[in-house]
Amino acid sequence: METKAFQKIYTKVTQITKATCSLNAQGVGYDELAMIHGKLAQVVKIIGDIVTLQVFGGTEGIPTNAEVTFLGKAPSLKVSDDLAGRFFNAYGDPIDGGPAIEGEEIEIGGPSVNPVRRKQPSELIATGIAGIDLNNTLVSGQKIPFFADPDQPYNQVMAMVALRAKTDKIILGGMGLTNDDYLFYKNVFDNAGALDRIISFVNTTENPPVERLLVPDMALTAAEYFAVKKNQTVLVLLTDMTLYADALSIVSNRMDQIPSKDSMPGSLYSDLAKIYEKAVQFPAGGSITIIAVTTLSGGDITHAIPDNTGYITEGQLFLRKDTDIGKVIVDPFRSLSRLKQLVIGKKTREDHPQVMNSSIRLFADAANAKTKLENGFDLTDYDERSLKFAKDYSAKLLAIDVNVEIDEMLNTGWELFNKHFKPEEVGIKQELVDKFWPKN
Amino acid sequence: MSTKGKVKGIVANLVTVEVDGPVSQSEICYIKTGQTDLMAEVIKIYGNNAFVQVFESTRGMLINDEVRFDGHLLEVSLGPGILSKNYDGLQNDLDKMEGVFLKRGQYTYALDKDKVWDFKPLAKVGDKVQAGSWLGEVDENFMPHKIMVPFSFKGFFEIKSIAKEGQFKIDDTIAVLIDRNKKEVKVTMVQKWPVKVPITAFKEKPRPFKLLETGVRTIDTLNPIVEGGTGFIPGPFGCGKTVLQHAISKQAEADIVIVAACGERANEVVEIFTEFPELEDVRTGRKLMERTTIIANTSNMPVASREASVYTAMTIGEYYRSMGLRVLMLADSTSRWAQALREMSNRLEELPGQDAFPMDLSAIIANFYARAGFVNLYNGESGSITFIGTVSPAGGNLKEPVTESTKKVARCFYALAQQRADSKRYPAVDPIDSYSKYLEYPEFLDYIEKKISDNWIDMVNQTKTILQRGKEIYEQINILGDDGVPVDYHISFWKSEVIDFIILQQDAFDKVDQSTPIERQQYMLESVLEICESDFEFESFSEVDNYFKRIINVYKQMNYSEFKSEKFNKFEKELKSIIKERIVEESILATETN
Ligand SMILES: Nc1ncnc2c1ncn2[C@@H]1O[C@H](COP(=O)(O)OP(=O)(O)OP(=O)(O)O)[C@@H](O)[C@H]1O
Ligand SMILES: [Mg+2]
Chain A
1 METKAFQKIY TKVTQITKAT CSLNAQGVGY DELAMIHGKL AQVVKIIGDI
51 VTLQVFGGTE GIPTNAEVTF LGKAPSLKVS DDLAGRFFNA YGDPIDGGPA
101 IEGEEIEIGG PSVNPVRRKQ PSELIATGIA GIDLNNTLVS GQKIPFFADP
151 DQPYNQVMAM VALRAKTDKI ILGGMGLTND DYLFYKNVFD NAGALDRIIS
201 FVNTTENPPV ERLLVPDMAL TAAEYFAVKK NQTVLVLLTD MTLYADALSI
251 VSNRMDQIPS KDSMPGSLYS DLAKIYEKAV QFPAGGSITI IAVTTLSGGD
301 ITHAIPDNTG YITEGQLFLR KDTDIGKVIV DPFRSLSRLK QLVIGKKTRE
351 DHPQVMNSSI RLFADAANAK TKLENGFDLT DYDERSLKFA KDYSAKLLAI
401 DVNVEIDEML NTGWELFNKH FKPEEVGIKQ ELVDKFWPKN
Chain B
1 MSTKGKVKGI VANLVTVEVD GPVSQSEICY IKTGQTDLMA EVIKIYGNNA
51 FVQVFESTRG MLINDEVRFD GHLLEVSLGP GILSKNYDGL QNDLDKMEGV
101 FLKRGQYTYA LDKDKVWDFK PLAKVGDKVQ AGSWLGEVDE NFMPHKIMVP
151 FSFKGFFEIK SIAKEGQFKI DDTIAVLIDR NKKEVKVTMV QKWPVKVPIT
201 AFKEKPRPFK LLETGVRTID TLNPIVEGGT GFIPGPFGCG KTVLQHAISK
251 QAEADIVIVA ACGERANEVV EIFTEFPELE DVRTGRKLME RTTIIANTSN
301 MPVASREASV YTAMTIGEYY RSMGLRVLML ADSTSRWAQA LREMSNRLEE
351 LPGQDAFPMD LSAIIANFYA RAGFVNLYNG ESGSITFIGT VSPAGGNLKE
401 PVTESTKKVA RCFYALAQQR ADSKRYPAVD PIDSYSKYLE YPEFLDYIEK
451 KISDNWIDMV NQTKTILQRG KEIYEQINIL GDDGVPVDYH ISFWKSEVID
501 FIILQQDAFD KVDQSTPIER QQYMLESVLE ICESDFEFES FSEVDNYFKR
551 IINVYKQMNY SEFKSEKFNK FEKELKSIIK ERIVEESILA TETN
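In order, the protein sequence lines correspond to chains A and B. Counting from 1, one number per residue, gives the positions in the first sequence under the numbering used here. Counting from 1, one number per residue, gives the positions in the second sequence under the numbering used here.
To be clear, the hints were calculated from the coordinates, so they are not data collected in a lab. Please note that a few of the clues may not be correct.
As the list claims (entries may be wrong) - Below 30 Å or equal to it, Euclidean Cα-Cα: the simulated DSSO-like pairs (lysine-lysine) are:
hint, chain 1, residue 1, chain 2, residue 2
1, B, Lys103, A, Lys230
2, B, Lys287, A, Lys119
3, A, Lys435, B, Lys424
4, B, Lys4, A, Lys73
5, B, Lys408, A, Lys261
6, B, Lys4, B, Lys32
7, B, Lys6, A, Lys8
8, A, Lys346, B, Lys4
Since the model is a prediction, treat every value here as computed from it, not as a measurement.
Model the full structure from these sequences, guided by the hints.
Shown next as structure tokens:
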């Protein structure tokens, strides 16, 4: 990090906690960066002459006579086309051995888009995965997380989605990524020959956790550059936002804030919203789409992190292992894409909404039948058929290894209806039944 | 001379200011940071220190930055030109702002100073007037916008002169009034009002009783809301609060709609921006946007103005109510507003109440809901603000402070159930837990029986009983198994399913189904109840399922068809023939002779 030409050096730290240090200093701006004992820090509180710094690298080893200098600016990133293909740490410094980026220096965590300057999202993002395209269609400018238990292959699915989505740039924001997962992403992007449109900001488990707090803003500042200045479509991948929120709670608890639910800061909703709301469709064609991962503990979505996330994002994608077919599926019950109605039946075939709804309803009937079975009750003929349908539906459409065009997904849907049900059991508008019900 | 101050402490957007003179609680001040003045509001005073919440990011603010106090509270400008505007929480006109991104410290005027309005006087020289009296009117998007004596005027005045019919700008004087002491005061077409103070320029606030049609069946039929009523929609994320509110805003029989997007998604506001200018109000043939004002303080916009946004919206609502109009105000989500209060209260290190919310949360919510209502104006006209807020309970658990505080004051409760949403039974309003207290108001019952039919309320109660019974049977079947209960039970259960699928469920995205006028609701309820009252004959429960699924399927086709169109009639005929297959004939006779 560069420093100002003439700067005052302070050497008297008055208080040190796990994540913060305080000292006496004047003329310091709120949010300003500082270097303390060679570590980057940011001003989080000023009371009179007492300035409190949040130290990104943790306060271990910082002595009371540590040298402190203020940098006169908020955290920032230099942006230019040269960002493409590069790997950075949480501070935006290269970690791929390449040269530093030349370009305009932009403060990260910048202002929000004026809502009246946004355009309504309307471009479908096809992934080939029917659990997404058919039931939870993604739209550019959307923000949506995967809700997944830590043992589920969310990074694999996300990498797959990223590569299949036809976007100009993919920006990876890795927070608390294991080194193995980091290398996994690197390899997958490399093998796909996509490296030149990938930019990564990575904080691994080997780096201090508080540094993670910078990652989403770094990634989104780069995204805004390409989406606003270059009118490009940008996909931002944020993994794992649960670890981001954990870092927030570390800092706020050190600052003696009153924790609210699950020892998360009371501002968690606003903090997460500031990140996710960077997803946008600009009228000039550029867009930022955010796909994130929020890992759950024991599948509990009422925990403050997934709960607040769900209230912010435009839906969520649940991964679940379907033991009947032995594969991971996109769970149709709890998954939701709230922007899907902007494209389904409009950008896709007219029967899309109804095929989607009916098949999910029939899948729910199967779930009920299964409960009956487990409770030792007899099944009706309809129950039996819905169970068979569910198995087919799961294997042919919900499994994450499906990779087909949307029309084909719809055709498969009709075939399954026809195989297991009568039209009146499916409950679709008559005109559509007349048109699409397979004739045999 | 106005009070000045200096910044002494900064924690996020809570700033401590040392002042050199008097300041008042909630007074507005501006902090000069770099080249920009940042607006802030006093939230606590302690000795020479005023604690202010800044409506912007405090990045770069320095100790000793200068502060100028403005001598007034947070206020809005009220005058013609508010309709179809898009404001932020502080009533800045978002369309007037430059650039793609919001700029810190950029404040834009809410009205148009240069726009010319056709003014028509309604009062004459010598008339005795008071705050809220109508002096004249202008045509605002085909809505008669009354120019009133400013609400801040105390006591009675006499009109000394009033402008003749003609064209005026908002700052032009349209009347001169004389007060008791013969002092002259000029009145223009614009006035200011502090948002946290209710406008009370009306004679009385009787209990509301007129049905406000929303076109949403589960509301109008089962748990109706009234003009000037209050309601709230709590529900876990993704259960349909926003979709339901948008449906109400598009269809409800209101003159003016005010939508406060309070700490929710920007894309949802964009949806309104995009759709409302295109959508037609079926009753007036005009575009929806013309009668709508949007207060957009989305989740990424400053937290402090999020809190202000609901008050800004309510004050604008009260302004239009004083013109004798029916205002519908929606806020999504009131929980975000409560969270904004919580963030500040925590920074102030106040003693926290439950879930770290401020202790007086209940009182704040109660005071806010109390501003809605039906009023009789001094001139014999009436106006109303119907308010419906959403609540986003943490973890979907309704035992939390915002839901509980709201439940005490809002008269309609539309609880969204996760289970219904999961099985795509939209709108996911739980028919058993939800209620409308207006069903207990005798004046409402009188009104509704005259408006719809004598036996309407009996039908509604019967519907609820069938649904309740259906739920009980469903639970029994789950415990005892399909053949562990008599076939009759299955029939009763499926009758409740017919009500659920045909009356309760409604496709918000289908052109026809999305809005059902009350006549059609009556027609459908009568039709469905006729089936529910009839006896059917079945050998086994599996026949029951299949049979009622066919009935539901045909009914759904009816719901998707224009009322009494050829298609509709065709499906109705089909329905009748399906019913004939199984119905026990005496039961038809019985219902017919009734
Ligand atoms: N009446 C309806 N008809 C069809 N689909 C609906 C209906 N209501 C809700 N949905 C579906 O549910 C989704 C979520 O609804 P909505 O955005 O209103 O939820 P919400 O309760 O406001 O959630 P949040 O608290 O996160 O804002 C919609 O995008 C839509 O797919
Ligand atoms: Mg919502």
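Hint check results:
no. : hint                  : result
1   : Lys103(B) / Lys230(A) : holds, 21 Å
2   : Lys287(B) / Lys119(A) : holds, 20 Å
3   : Lys435(A) / Lys424(B) : holds, 24 Å
4   : Lys4(B) / Lys73(A)    : holds, 28 Å
5   : Lys408(B) / Lys261(A) : holds, 23 Å
6   : Lys4(B) / Lys32(B)    : holds, 11 Å
7   : Lys6(B) / Lys8(A)     : holds, 24 Å
8   : Lys346(A) / Lys4(B)   : violated, 58 Å
Consistency note: the structure conflicts with earlier hint 8 alone.
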